[in-house]
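As they're listed, the protein sequences go chains A and B.
Per our numbering, residue 33 is the first one in the first sequence, and the count goes up by one each step.
Per our numbering, residue 1371 is the first one in the second sequence, and the count goes up by one each step.
Each statement offered as a hint is correct.
Have a look at the derived ranges for each label pair, beta carbon to beta carbon:
| hint | chain 1 | residue 1 | chain 2 | residue 2 | range |
| --- | --- | --- | --- | --- | --- |
| 1 | A | A195 | B | L1523 | 26 to 34 Å |
| 2 | A | E214 | B | A1373 | 51 to 59 Å |
| 3 | B | T1410 | A | V124 | 54 to 62 Å |
| 4 | A | R133 | B | S1494 | 47 to 55 Å |
| 5 | A | L66 | B | P1380 | 45 to 53 Å |
| 6 | A | A69 | B | P1380 | 46 to 54 Å |
| 7 | A | L200 | B | L1523 | 18 to 26 Å |
Here are some, though not all, of the chain A residues that point toward chain B, as calculated from beta-carbon distances under 7 Å:
| hint | residue |
| --- | --- |
| 8 | A146 |
| 9 | A151 |
| 10 | P155 |
| 11 | L156 |
| 12 | G173 |
| 13 | P175 |
| 14 | W187 |
| 15 | G188 |
| 16 | G190 |
| 17 | S191 |
| 18 | L193 |
| 19 | D194 |
| 20 | Y224 |
| 21 | P231 |
Simulated from the structure, these hints should not be mistaken for laboratory data.
Just so you know, these numbers come straight off a predicted model, no measurement behind them.
The beta-carbon is built from N, C-alpha and C at its ideal position, and this holds for glycine as well.
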Amino acid sequence: MVSAPLEIIPGFAVPFAETRLAPCERLNRELEALFLARETDEYRNPTPSHLPQAELFESRFNLFRWPEPCVQELRAFVLDCVARTVLETTRVPAAELARLRMHNHTWYHVTRYAGSFVAHNHPLASWSAVYCVRAGEAVPGQPGSGLLRFLDPRWGAGSYLDAGNRSLRTAFAFGARELRLEEGQLIVFPSYVLHEVSPFYGRDVRITVATNCWFS
Amino acid sequence: MNAPAAAPVPIFATPFAALPLAVPAALNEALAALLAARATEEQRDPETPPDPLCYRSREDLFDWSAEPVAALRREMLGALCAVVRATNLGAPGEFDRLTVQARARFALIRPDGGLPAASLPLASWCAIYCVAAPPGPSARPLSGVLRLYEPRLGSMFMDAANWRLRPPFAGGHHTWQPVAGQMAAFPAWVAHEIALNRTDQDLVLVIARVRFANPGQESAPPW
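Starting from the given sequences, assemble the full structure and let the hints guide the process.
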């Protein structure tokens, strides 16, 4: 018997975009110095959506309105990557996208020893992104330290496992996706995806910038 | 205009139960001592990387013959069966014919440790019993809580008419503070974690996944 051709297609795919800013060292050091200098109540998010932790500083959500050149340089990179993700994943032509107004809430996190961030998503936004300014110390024996973890939105789909679905290939596999961000790395993802930061056990700091984008 | 009376009902409810078990304090102490003594490299869960801040045992705890463990198994499964009866349809006596299959492990959540999010495959129910829970600092109300993740994504559109829904319609994660002698039960598909233990002592938990089989039912896939 001749086997009929079989095409495997991702039926409910979740788009993730990954890229890197290169070189990023100068920009990241400027951002780090600025962020640490402004780790004060004046710049702290006054209305956090989750119970604040002493080990994690969250800035106000207006970061991309700061005039400092390093912030504006990062803004251009991040928002351009989000826009390119929209072009790659939708049927919106570039000319139409250019006519839309792109809004954002953007902030930074500084995480210290045993700091984490609970699983959450971002209502009223279509795309979110996380940029890594400083990855923080990788701790031997603690592979789960400071991971950005995306939760599988297909709740319960992996409840039944047997030999036929236990080892699905990456694109189709059940379960969370975990990333140890590297400096200069940017991840763009749909805002509905629940994500969290696992406890960070480095003795230094982990610094990230996050943005939520919506279009009108 | 007279508005008609509105009586909304929850249509996609997820059952959750927290209940005390009839486990004497002395038995809990014996359990805690036994589990601490057996938290060895040999007994460590081989499926997950070692974590110095969280010890997870193999999932064979309910196979142990030690009396404290056997007593806990009876109490946990008895309490879980009560929850299952309370949440299922079925004729009287029907439930008694089912076979209960359970796997369990223990976890020692060290200071600054936690258990990452997971759901439990090949089971219908998850039961988590607290053997020992150090009192959390008042400034850390979420220390060591069991957090069950909100599975509904409908809240992505939010406005003034849905951002403060009252229970049982409100979205968001559900948390339960483990208390020694108490057990939580919920469907095994619900993703859950143990938040960071912000105390200076171990949080000791027993985590079971449980399924039920009809007489003559073809066996479920192996655990």
